[in-house]
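Novice: The chain contents come next:
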Amino acid sequence: MSEREHRSPGPWDACAGARLHIVTGKGGTGKTTAAAALATALASGGGRVLLLEVEGRQGVASLLERSPLPHEERPVLSAAGGGTVSVLAADPESALKEYLELFYGIRRAGRALSRLGAVDFATTIAPGLRDVLLTGKATEAVRRRKGRGGRTSSAPAGSPFTYDAVVMDGPPTGRIGRFLDVNSEVAGLAKAGPVHDHAERAARVIRSESTLVHFVALLEEMPAQETRDGIGELSALGLNTGAVLINMVRPELLDDAGLEAARTNTLDRDALTAGLTAAGMSDPAGLATGLEDELHAHAVRAGLEAGVREGLASLGSPVLELPLLERATGERAVQHLAHALTEQGVGR
Amino acid sequence: MSPAHRSGPMDVDALLDDPARRIVVCCGSGGVGKTTTAAALGLRAAERGRRTVVITVDPARRLAQSMGLESLDNTPRRVLLPENTPGELHAMMLDMKRTFDQVVEEHADPARARQILDNPFYETLSTGFSGTQEYMAVERLGQLRESGEWDLIVVDTPPSRSALDFLDAPERLGRFLDSKLMRFLTEPAGSGPLRLLGAGVSMVTSVIGKLVGAQFLNDLRSFTSAFEAVFGGFQERAERTYQLLQDPGTAFVVVSVPEPDAMREAAFFVRRLASDGMPTAGLVLNRTHPLPEGPAARLGPEEAEQAAQALARTGKHPLAEAALRLHAERAHVRGRELLLLDRVLTAHPDVRVSEVAALAGDVHDLTGLRRIGDLLAGAGPVGGDPAAGTG
Chain L
1 MSEREHRSPG PWDACAGARL HIVTGKGGTG KTTAAAALAT ALASGGGRVL
51 LLEVEGRQGV ASLLERSPLP HEERPVLSAA GGGTVSVLAA DPESALKEYL
101 ELFYGIRRAG RALSRLGAVD FATTIAPGLR DVLLTGKATE AVRRRKGRGG
151 RTSSAPAGSP FTYDAVVMDG PPTGRIGRFL DVNSEVAGLA KAGPVHDHAE
201 RAARVIRSES TLVHFVALLE EMPAQETRDG IGELSALGLN TGAVLINMVR
251 PELLDDAGLE AARTNTLDRD ALTAGLTAAG MSDPAGLATG LEDELHAHAV
301 RAGLEAGVRE GLASLGSPVL ELPLLERATG ERAVQHLAHA LTEQGVGR
Chain X
1 MSPAHRSGPM DVDALLDDPA RRIVVCCGSG GVGKTTTAAA LGLRAAERGR
51 RTVVITVDPA RRLAQSMGLE SLDNTPRRVL LPENTPGELH AMMLDMKRTF
101 DQVVEEHADP ARARQILDNP FYETLSTGFS GTQEYMAVER LGQLRESGEW
151 DLIVVDTPPS RSALDFLDAP ERLGRFLDSK LMRFLTEPAG SGPLRLLGAG
201 VSMVTSVIGK LVGAQFLNDL RSFTSAFEAV FGGFQERAER TYQLLQDPGT
251 AFVVVSVPEP DAMREAAFFV RRLASDGMPT AGLVLNRTHP LPEGPAARLG
301 PEEAEQAAQA LARTGKHPLA EAALRLHAER AHVRGRELLL LDRVLTAHPD
351 VRVSEVAALA GDVHDLTGLR RIGDLLAGAG PVGGDPAAGT G
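Note that the protein sequences, when read in sequence, are chains L and X. With the first letter of the first sequence counted as 1, position 89 gets the number 89 in my numbering; the numbers rise by one all the way through. With the first letter of the second sequence counted as 1, position 286 gets the number 286 in my numbering; the numbers rise by one all the way through.
Be aware that a few hints might be false.
Okay, the calculated beta carbon distance ranges per label pair [as the list claims (entries may be wrong)]:
hint	chain 1	residue 1	chain 2	residue 2	range
1	X	S206	L	S62	38 to 46 Å
2	X	A14	L	R204	53 to 61 Å
3	L	D229	X	A358	16 to 24 Å
4	L	P11	X	G49	48 to 56 Å
5	L	T329	X	R298	22 to 30 Å
6	X	A310	L	E326	19 to 27 Å
The set of hints was computed from the structure by calculation and includes no laboratory data. Cβ atoms here follow ideal geometry from the backbone N, Cα and C, with glycine treated the same way.
Taking the hints into account, I'd like the entire structure generated from these sequences.
Specialist: Below is the structure:
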């Protein structure tokens, strides 16, 4: 992906080497949308990327306005330049069955387990097991190489990876530390044996250079605060944090002087009224009063947003911005945002 | 521009003032402002004369600080309000392990309690178990209600994956603790009725043993026998505890924001409350973007956009052009919000709505919470005359 040369260094450069991208953020910041856009941007130019959903809420399906997706990797989005994004809505039960089959060769046991509600049971008495199964699924996809049967174990070590990158639409910031801290998660589980090995393999990938955790934030105080706290928490756990993705950024319509005038209610009212008259609006003077209020509220908010943006920039993580899309929804929105990320250097 | 509002705005003050109203539960999906709504309702109730306690589950220190408290714990702490305040406001943060410990200590003799509390599985159950937090919130609510000290208890529900988790928690916990599989695993080998199921089951136990470890199963076994001895059927207890939520003195406030996912969750919740016979006091719609009254409110997004484009072609009126573009964006946002609200109201025409317009900044202090309370009580555009009460 280095055909496009001689570009000035961008914020994403620091993240370009990673293969597992875990996306977190405060609830309501648009994690799923950002994760889908990131996956699509990473696939642009012919890449193969897996977008993995672990919260069991079918967020990707609802984002793309589709019916629920199965626990099965299938190509769902195409990216610029012939890339594809496959999506997997991972659920712990299927992951457990796969895992039993892989390690014990017992497919039948899986069915018996489901019938007796044993998977629910095991993941309930040991909540860490659920997280281990899901992080294990992500790291397995990262390590998987092309070969007969598509299994890591059956592919020769030198063959190319099945996916260039894996993007996980992860749990929200409040749960991400616990979710990824696989080692302590399994502390209460079997001290030896396949689960333990499985967890250790997952932990090695998650703690390696090739994994980055990205934070989705908004230009609002609370999401910014959670981003700050989350970066601190994950760094303390020894995990690598990646970029801060500021979502839903509005285009600025006024220049600095205009914003200042709007904020201090010193806009040129006559010019505004004249403009509205020229545009053929009825009751231009009345309309100007209303629009002035809107401009004032906008300028106050823009001032607060500038402060939040500064705070996010001072965290020392690369910062990327995703524009607010009022009109595009579904796949079109994802493509728009992916393009915005590509322009900021993602995927090159 | 006003939404198809079928049953009128939610009367927040009537809700808070009713002496028969003892519990208000704020529920909704994560990130919709439940905690702030609960705190604002609590403050308003206190300022209207009730002795109020707010139970929050949000560990964010910001909320504690906005009420002038350094931090919150499992015991209600009094919030310092102006001297002439007729009621009182207290606040606490749910400590689920501490609450669980208290429940155990209350019901078991000291020796048995130790046996339960020291078991490694108890640690998992009381801290990591999905459903424990929701269930313990209701246990704590029961304790406070029982104490008779409070006129009104306002509860903020845990940030679950789904808002419905709150209602499903006791069933989930009960189903688990009383499950056949649990009984089978915890009974001495080969003695339970399930042994008749034969090899299939023993293979299942062996697989579970491999997954979680033999020691873990032993801990689980001794835990359940001690727990059984103290609590009998857990599900029964859980169901009794949850009856509190169906009490006529309890009302639910569903909190949402005008985003598709949150509104879908809110609609689910309203439906579920109705089918469970729990009273919905109303829907709080946070962070909306109403347009200012007057000619601007009547200017639609397309018309504004076209006018802006016409001005752009002349290049002569940059200020009016920017103002029209900004308005087009806001009118579009507002239109979408009203559409989302209308969808919920079409399906649930009886739901009363209280709209809280997005504030420029976050809430940092009691003044901010009071302002939210004013908006909740009808200073918002859906709730009444937008010009009134904004000062």
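Novice: Could you run down the list of hints and mark each one as holding or not?
Specialist: Evaluated hints:
{"no.": "1", "hint": "X/S206 to L/S62: 38 to 46 Å", "verdict": "39 Å, holds"}
{"no.": "2", "hint": "X/A14 to L/R204: 53 to 61 Å", "verdict": "59 Å, holds"}
{"no.": "3", "hint": "L/D229 to X/A358: 16 to 24 Å", "verdict": "23 Å, holds"}
{"no.": "4", "hint": "L/P11 to X/G49: 48 to 56 Å", "verdict": "54 Å, holds"}
{"no.": "5", "hint": "L/T329 to X/R298: 22 to 30 Å", "verdict": "26 Å, holds"}
{"no.": "6", "hint": "X/A310 to L/E326: 19 to 27 Å", "verdict": "20 Å, holds"}
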